[in-house]
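Enquirer: Here's the letter readout for the chains.
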Amino acid sequence: MSCATQRVLRTVTDLSGPAGTLPMSSYNNSARFNEARRVAIFGGTHGNEMSGVTLVNLWVKNSAEIQRKRVETKPFITNPKAVEKCTRYVDTDLNRAFSPENLSAPEGDDLPYEVQRAQEINRIFGPKGSPEAYDVIFDLHNTTSNMGCTLILESSKDHFNLQMMNYIKKAIAPASCLVLLNEHPLLKYSTSRSIAKHPVGLEVGPQPQGVLRSNIFEAMRVILKHALDFIELFNEGMEFPPCTVEVFWVSERIDYPRDANGNIIAMVHPNLQDCDWEPLNPGDPMFQTFDGKTIHYQGPGTVYPTFINEAAYYEKQQAFVITRRETLVASAIRKA
Amino acid sequence: MEVDKVVHLPRLSRVAVCGGTHGNELSGVYLVKELLKAKNVMKEDNDDEERPASVLMVLSNPWAVQQCRRYVNTDLNRCFTHAALSGPVSKKDPYEMIRSKELNALLGPKGSPEAVDLVCDLHNTTSNMGLCLVAYSDCDWICLHIFRYLQASTTVPTRSTMEIGPQPHGVVRSNIYTTMKHGVQHVLDWVRFYNSGTVFEGGFVDVYTTVKNMDYPRDSETGNITAAIHPQLQDRDFCPLRPEDPLFQTFSGETLRYKGKEPLYPFFINECAYYEKGIALSLARKRRVALPRIRARAEQEQQANEQGFASEEE
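Going line by line, the protein sequences match chains H and P.
The first sequence begins at 1 in full-length UniProt numbering and counts up one residue at a time.
The second sequence begins at 1 in full-length UniProt numbering and counts up one residue at a time.
If you are wondering where the hints come from, they were derived from the structure by calculation, not from laboratory data.
Remember, predicted model here, so these are calculated numbers, not experimental data.
We treat Cβ as the ideally placed atom computed from N, Cα and C, and that holds for glycine.
Some hints could be false.
Pairwise CB distance ranges, derived in the manner of DEER restraints [said to hold, decoys possible]: (1) P:G87 - H:N261: 35 to 41 angstroms; (2) P:R69 - H:E252: 26 to 32 angstroms; (3) H:R325 - P:K92: 54 to 60 angstroms; (4) H:T289 - P:P88: 44 to 50 angstroms; (5) H:P285 - P:R287: 27 to 33 angstroms; (6) H:D255 - P:P88: 42 to 48 angstroms; (7) H:K293 - P:Q67: 28 to 34 angstroms; (8) H:D255 - P:A304: 57 to 63 angstroms; (9) P:Q232 - H:A171: 22 to 28 angstroms; (10) H:P106 - P:S90: 37 to 43 angstroms; (11) H:S63 - P:G87: 49 to 55 angstroms; (12) P:E276 - H:Q317: 28 to 34 angstroms; (13) H:G108 - P:H82: 45 to 51 angstroms.
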């Protein structure tokens with residue numbers, strides 16, 4: 001057996017993705033996936049992240065732009081009450097509400113609004129983990145951080161998603177679109193999109209909450225266009241050859257320095273502010289206290305911070321998240 | 001106005017610095033919290049004759065600050081009309097209507113001789129307005145002289161309306177915090193110099209006076225906006241907007257142009273909090289205002305003035 005064949009076979013056999021995504025067979029060195037016939041686009045998972053709210057409202061009214069052959073694409077506002085109030089959430093963060101406990105809890109009006117909503121969404125687009133679940137869900141988000149266009153991956157072994165993200169990155173080049181992978185056992189959370197076999201998060205910033213910026217809106221629109229193009233090509237039988245995808249792998253959450261009462265006592269340092277994805281080296285400035293002192297990063301090596309100064313994360317004790325750069329190999333894929 | 005004439009104005013004995021009038025505009029919230037940790041009273045270095053001005057630090061809307069929201073029931077910064085401040089307090093009133101009366105008792109009463117002399121109210125905006133002073137009259141020589149002093153003291157672009165942007169609500173950006181901190185310090189320095197008898201030379205300032213507000217184009221049925229600020233207008237606060245310049249971009253990509261007859265200066269472009277007020281941007285005329293030389297009345301002058309008022313009232 002040649003080295004090349006050995007390498008590809010190792011890649012192909014390592015395809016233990018989330019339940020429901022095991023390829024039917026693997027021959028000709030391609031991982032096989034079912035056609036992605038049912039796709040959803042979620043907006044308003046956070047009611048004040050305006051690009052997704054606006055795009056989904058547009059497409060609910062007129063879906064021509066998101067139609068593709070052989071695909072049913074459903075635009076959907078996940079948190080209508082939060083959208084109406086232009087607030088992140090009403091009772092609790094919907095994008096943390098899709099835990100197994102919440103989804104299996106007995107239904108009732110006494111449950112927080114977003115937990116009820118999660119159960120409803122699970123009925124429509126799931127059930128999570130079952131063969132009936134939607135094939136792909138795109139969940140549209142904005143951030144106050146300077147992250148540019150970011151695709152969020154939940155599994156390093158989802159070769160379908162890896163190939164889609166590779167396709168999108170190449171399609172929008174030279175504009176940049178980076179991939180954030182959150183597979184951390186403690187930091188990973190139960191997102192609305194996690195119901196699907198292939199969950200894809202879209203995060204575009206910087207944009208203040210409650211504000212619609214046309215450049216950010218257009219950027220998100222273009223990414224979705226390419227994502228749907230990929231699905232159409234895949235469903236028509238196109239084979240996508242093996243590829244590598246650079247990802248930023250979440251490894252640690254860093255909180256603001258706080259006093260004994262839990263109050264923030266320092267801000268993201270001006271040298272770090274807006275420097276998402278740039279290397280942070282040991283000794284580099286990290287925070288600045290309100291009276292002007294610098295607090296330095298003391299980690300063991302160079303890391304890549306992101307979600308720097310996201311408004312919604314002050315209450316989640318997160319000033320930024322630390323990632324490490326990795327290259328993943330995606331096997332060739334084609335439809336079964 | 002005679003060039004050499006010095007206008008004598010009342011001393012500024014009581015000054016208030018207010019943060020958190022909107023609970024999610026965090027520069028002012030954190031700055032006032034920091035300043036409250038330090039002493040309130042501003043001491044003069046010398047002259048026994050000069051009474052020190054007292055500086056009150058106030059967190060205007062503590063409940064909104066606690067929740068990191070603009071307001072709890074209603075916008076506090078719209079609750080200080082005479083109508084809002086008069087009338088009985090009821091527990092059923094919106095929180096901010098109760099609070100404005102409390103603040104009026106603390107810092108006012110509005111329109112009375114007991115009211116503080118100067119209020120410096122700290123805000124942030126999601127618009128790209130740099131450091132802005134908002135004044136209420138183009139004859140408010142005190143405010144306009146403070147503006148001139150700030151302009152000379154800072155490298156951040158300053159305009160006459162303390163808005164410092166852009167900053168998302170709910171976020172504190174260190175550069176903006178620092179700019180606001182220095183801005184407040186400069187204001188208090190100016191007050192100290194003024195009270196000690198410094199003559200501030202006359203000159204000219206450019207002021208922007210609101211002409212009108214413009215809303216987003218909206219869907220007649222749902223009221224939802226149907227266009228966003230055009231990318232060529234976004235972040236161009238205080239740059240002239242001329243007839244036929246791009247104004248909005250619809251979601252289908254069409255450009256909507258400014259149809260006014262005269263060039264005006266846009267500001268508060270895409271301020272988050274103004275969507276609900278039906279304001280996509282405000283438009284102003286720019287004009288040059290001549291400032292006289294000013295100085296604070298001396299102690300004896302001040303007392304004579306007050307007695308004069310008292311006898312007039314009798």
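Enquirer: Are the hints correct? Go through all of them and say.
Expert: To see whether the hints hold, each was checked on the structure:
1. Roughly 37 angstroms separates the CB atoms of P:G87 and H:N261, a value that falls within the hinted 35 to 41 angstroms.
2. Taking 26 to 32 angstroms as the suggested C-beta distance range, the pair P:R69 and H:E252 conforms, at roughly 30 angstroms.
3. Roughly 57 angstroms separates the CB atoms of H:R325 and P:K92, a value that falls within the hinted 54 to 60 angstroms.
4. Range check, H:T289 to P:P88: about 45 angstroms between beta-carbon atoms, so the 44 to 50 angstroms window is met.
5. Checked against the given bound of 27 to 33 angstroms, the beta carbons of H:P285 and P:R287, roughly 43 angstroms apart, lie outside it.
6. Between H:D255 and P:P88 the beta carbons are some 46 angstroms apart, a value that agrees with the proposed interval 42 to 48 angstroms.
7. Between H:K293 and P:Q67 the beta carbon distance is about 29 angstroms. The supplied range of 28 to 34 angstroms therefore holds.
8. Checked against the hint of 57 to 63 angstroms, the C-beta distance between H:D255 and P:A304 comes to roughly 59 angstroms, which is consistent with it.
9. Distance hint check: the CB atoms of P:Q232 and H:A171 are about 26 angstroms apart, consistent with the given range 22 to 28 angstroms.
10. Distance hint check for H:P106 and P:S90: the Cβ-Cβ separation is about 42 angstroms, which falls inside the suggested range of 37 to 43 angstroms.
11. A hinted range of 49 to 55 angstroms holds for the C-beta pair H:S63 and P:G87, which are about 52 angstroms apart.
12. In this structure the supplied range 28 to 34 angstroms holds for P:E276 paired with H:Q317, their Cβ-Cβ distance being about 30 angstroms.
13. A hinted range of 45 to 51 angstroms holds for the C-beta pair H:G108 and P:H82, which are about 49 angstroms apart.
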